[in-house]
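Trainee: Those letters in the sequence shown? Residues 1 to 585, per full-length UniProt numbering, in order.
Be aware that one or more of the hints could be misleading.
[Unchecked claim] Each pair of labels, with its calculated beta carbon distance range:
{"no.": "1", "residue 1": "Ala287", "residue 2": "Asp53", "range": "44 to 54 Å"}
{"no.": "2", "residue 1": "Val146", "residue 2": "Glu205", "range": "44 to 54 Å"}
{"no.": "3", "residue 1": "Pro310", "residue 2": "Pro90", "range": "25 to 35 Å"}
{"no.": "4", "residue 1": "Arg394", "residue 2": "Arg162", "range": "50 to 60 Å"}
{"no.": "5", "residue 1": "Trp208", "residue 2": "Gly89", "range": "42 to 52 Å"}
{"no.": "6", "residue 1": "Arg451", "residue 2": "Gly160", "range": "46 to 56 Å"}
{"no.": "7", "residue 1": "Ala321", "residue 2": "Arg26", "range": "44 to 54 Å"}
{"no.": "8", "residue 1": "Gly102", "residue 2": "Arg451", "range": "40 to 50 Å"}
{"no.": "9", "residue 1": "Ala207", "residue 2": "Val143", "range": "20 to 30 Å"}
{"no.": "10", "residue 1": "Pro131", "residue 2": "Ala295", "range": "23 to 33 Å"}
{"no.": "11", "residue 1": "Ala207", "residue 2": "Pro56", "range": "30 to 40 Å"}
{"no.": "12", "residue 1": "Arg258", "residue 2": "Arg26", "range": "29 to 39 Å"}
Hints in this document: simulated from the structure, not taken from any laboratory. Cβ atoms here follow ideal geometry from the backbone N, Cα and C, with glycine treated the same way.
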Amino acid sequence: MSPHIAFVGAGPRAISALERLLALHRAAAGDIPLRVTLIDPYPAGRGRTWRADQSPLLLSNTSVAATTMYPALSGGGPAFHAWARSVVGPGFPDWVRRDAEGLMPWTQHTRRLQGEYQRWVFRRLADSAPPHVEITELRDHAVDIVASADEASEVVLHGGGRLRADVVVLAQGLLPHRPTGEVRSLAEAATAAGLLHLPPRAAAETAWDQVPAGADVLVRGLGPTLFDILGLLFQGRGGRYTGSGRAMRYLPSGREPRLLIGSRTGLPKPVQHPGKVPQAPTSRLDADRTAAWLAAHAGRHTLDFATIRPCVLREIGGAFAGKTWRWADLHSPTAGRSFASPTHWQEFVDAWVERESPGALDGRKSPWLAARAAVLGVRAVLDELEDAGCFTDRASGPAAASLAAFHREAGRVTSGPPAVRFAQFRALRRQGLVVLTGPRQRLDVVDGRFRSRSDAVPGASWHAEVAVEAYLAFGALDLAEDPLVTSLLRSGRVRLHRGPSPAVPATSLDIDPRTWAAVRRDGTTDSRLIVLGMAGSAHQRSFGRAGLPHVGDRFFTEAENAARSVLSALRASARGGRASRPRTT
């Protein structure tokens, strides 16, 4: 019987790992037979996020030039931009040609067009596979993985039946979790008062016709989901934008609501730099110092991030040329701040929005843009140190100064809205259709209406009969709604990775930092169960996107690592090796 690999999930991470698997198998194994099954209720390549049946108003958060499914220099196939130029002719559906027409390297593209590209890559892989490699799609949900008598696994399917596999790769993408107690309490109070409360959910999966025209709407969240909502509730209702950049204006249709938006920070993430093709990140961190860290700690897991954090922050702060600055001013500008009145808050917002507006961020003289570029460069160095096995899990100092905390904060600095979305946001705010209500937002129901307050803005209180949770509830695996993860945790086949603070929700399964193999409850690793993507975020961070066209992009190195681990497990199985070993880190 041919060795069988099952991928649970068939989004871009799974497709990339499949591409790397086929390339490595072809190079090393010649004509050894192989079977691969991708299990997902959605078409392989598209997954749930990149479906073809969503609005063209929903855009990717990355630019055309920053999207590819093939590693740089691999020669495997075209990057997204080259592919998009090829689909404007006959042979593709009309909507694909419309979405691809006129794209420039620095512009944003529709999410559904990226899904079509990823689907095309999968079909190309399947169609070009040699006769001894069989690739199959299975449209179903996996609900459990149980051991079989021969140390292989059986994937239990929601639709009935089981699928035997020698190795299973968990590549499920974003894993939703149950709402927190705060959100559940608000939903219960809203139901009792007869109010409309829209829970955390993808904008493409929400019925926005429930929101009345002209209504005030309290919104919680200023991340990517909000910008999806802006597209659907404003352009989607007939409004139009004229001009571009700082000259952009919004022409209302009269069917829009007014959005009163708050969040923990009270501000959107910093805008992505407009009109520029992304480059590979570079860092000014001293090469000799980095080499010394590698020489002293590679493979030993003895480097404490707390000891190099001051050096990292100095590198970023160099962008401000000796001026006083705070790291929090980049990732959380309202952290530790209070505002004397709603007027003072709105003045702060005015200044921040203008600083972030396209045209104000001149890459030649803006210290803010230079600092963000430095963050990307520093993260590239930290990635190199992590990949080399330098960092210890037993870090000193508070959780807020940990490597995990730095990555969260750096992610906020570098993953903001595209420039066109921010320009639209600014135009809506100028029109009075979008109001930022303040940081440290609190929502409740009082006197039969929703109320929004900010702990940082005394006297600010907003009321409405509609409230929207403008974010995706995912990442807290303690609260995961995914039946497969729940089953695996219950059986002890996997365990949660705990960070430096037990009070912080677990966002990752425990995995071997070298192979991505799952760690069981008893501490042994299972080399036949590989974790790739968000569920492995303790050691992986490139989920939620396609690859970048740079040599060494983590999207591809992580996918290749998973593919190598799969082939290694198959070789061990063929030799009669065991699928377990004590964890060494």
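Trainee: State for each hint whether it applies.
Mentor: Against the structure, the hints come out as follows:
1. Ala287 x Asp53: 44 to 54 Å: holds, 49 Å
2. Val146 x Glu205: 44 to 54 Å: With Cβ atoms ~31 Å apart, the hint is violated.
3. Pro310 x Pro90: 25 to 35 Å: The hinted range 25 to 35 Å is violated for Pro310 and Pro90, with Cβ atoms some 59 Å apart.
4. Arg394 x Arg162: 50 to 60 Å: With Cβ atoms ~40 Å apart, the hint is violated.
5. Trp208 x Gly89: 42 to 52 Å: Roughly 35 Å apart at Cβ, these two residues miss the hinted range, so it is violated.
6. Arg451 x Gly160: 46 to 56 Å: holds, 48 Å
7. Ala321 x Arg26: 44 to 54 Å: holds, 51 Å
8. Gly102 x Arg451: 40 to 50 Å: holds, 45 Å
9. Ala207 x Val143: 20 to 30 Å: holds, 28 Å
10. Pro131 x Ala295: 23 to 33 Å: With Cβ atoms ~48 Å apart, the hint is violated.
11. Ala207 x Pro56: 30 to 40 Å: Violated: the Cβ-Cβ distance is about 18 Å, outside 30 to 40 Å.
12. Arg258 x Arg26: 29 to 39 Å: Violated - the Cβ-Cβ distance for Arg258 and Arg26, about 57 Å, lies outside 29 to 39 Å.
Hints 2, 3, 4, 5, 10, 11, 12 from the earlier list are contradicted by this structure; the remaining hints agree with it.
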